[in-house]
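Peer 1: With chain A's structure known, arrange chain B on it following the hints.
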Amino acid sequence: MEHLLAMLEATAPAQYLRTSRWVYAGVSGGHVLGIALLVGSVVSLNLRLLGFWPATPLQALTRVIVPVAVVGLALAVVTGALLFSVRATEYAQVTFLQVKVLLVALGVLSAVLIHRTYGLTLEGASQERRSWHAVISIACWLGALVCGRLIAFAVD
Amino acid sequence: MKTLAFTLALVLGLALHGGALAHHGWAWTTGKNVDLAGVIKKVSLGNPHGILHVEIEGEDWTVEVGQPWRNERAGLKDGNLAEGVKIRMIGEPSADPAEKRLKVERLFLGDKEYILYPDRD
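Residue numbers (the numbering used here), protein chains in the order written: chain A, 10 to 165; chain B, 1494 to 1614.
Chain A with its partners taken away, still in its complex shape (with noise of 0.2 Å):
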């Protein structure tokens, strides 16, 4: 483990980006626009799922929110690596970090059930099931938002 870290901080983008001015910053500040947009359509959609505007159409709904949500995951998951890559053997050893990748995790698989059992829409699915998961769908993610807000915090 410690040896797989340390080959990740001596990769070329990690080299270059323990240094750079303004690509560090690019990254970063990627890294807030997948954190905007994964969360706040994800929790716009646990909202709805909850039992929030209920004259919306969900069809319409997860159209618009699935796809700008997986893309938001992707961008943060992308640039989340190449940050964490800067200082791989120090941040491993963040509980906020370890405890965000866990709900991250968790906020994925959570996901991945209902969609896969109900589809894009989650129509099938019922209001017990929707708002299990949307809790704790919720939970997931703006508890690892907030974890990692801390890893700026815990890290010396």
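Read the hints as simulated data drawn from the structure, not as lab findings. The model shown is predicted, which means the values in this text are computed figures rather than measured ones. Hints may be right or wrong, so weigh each one.
Stated by the list, open to error - Partial chain A-side listing against chain B, Cβ under 10 Å, derived:
1. L26
2. R27
3. S29
4. W31
5. A34
6. S37
7. V41
8. L92
9. V95
10. R96
11. E99
12. F162
Where a beta carbon is used, it is the ideal one built from N, C-alpha and C, also for glycine.
Peer 2: Leaving out everything else, chain B in the frame of chain A:
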């Protein structure tokens, strides 16, 4: 609905609590400069923060220097901040005296001064 409200409150609480641990900016410092000298024991430069461990009168201090661009602008070259180098630092310490942490505004290596934050005294 109750679970949701609880979750949101928990998350918000954590987020607000996090602010107290901050070392971004200057909110956590005393607001007054100190002048300290010691020997660099450990160097960790590069994004997002440059950190030195400096032994000052037998104590290990965590010393925040600049990001790479700031150190470079100050005139510091690769290898200037290295283990074993004597350093004099002027900056603000943590408002919590138990926390041996200093954020450097300018520093001296020998007689040469390097100014990280030109707009601060």
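Peer 1: Work down the list of hints and note, for each, if the structure agrees.
Peer 2: To see whether the hints hold, each was checked on the structure:
{"no.": "1", "hint": "L26", "verdict": "6 Å, holds"}
{"no.": "2", "hint": "R27", "verdict": "4 Å, holds"}
{"no.": "3", "hint": "S29", "verdict": "8 Å, holds"}
{"no.": "4", "hint": "W31", "verdict": "9 Å, holds"}
{"no.": "5", "hint": "A34", "verdict": "9 Å, holds"}
{"no.": "6", "hint": "S37", "verdict": "8 Å, holds"}
{"no.": "7", "hint": "V41", "verdict": "13 Å, violated"}
{"no.": "8", "hint": "L92", "verdict": "8 Å, holds"}
{"no.": "9", "hint": "V95", "verdict": "6 Å, holds"}
{"no.": "10", "hint": "R96", "verdict": "7 Å, holds"}
{"no.": "11", "hint": "E99", "verdict": "8 Å, holds"}
{"no.": "12", "hint": "F162", "verdict": "4 Å, holds"}
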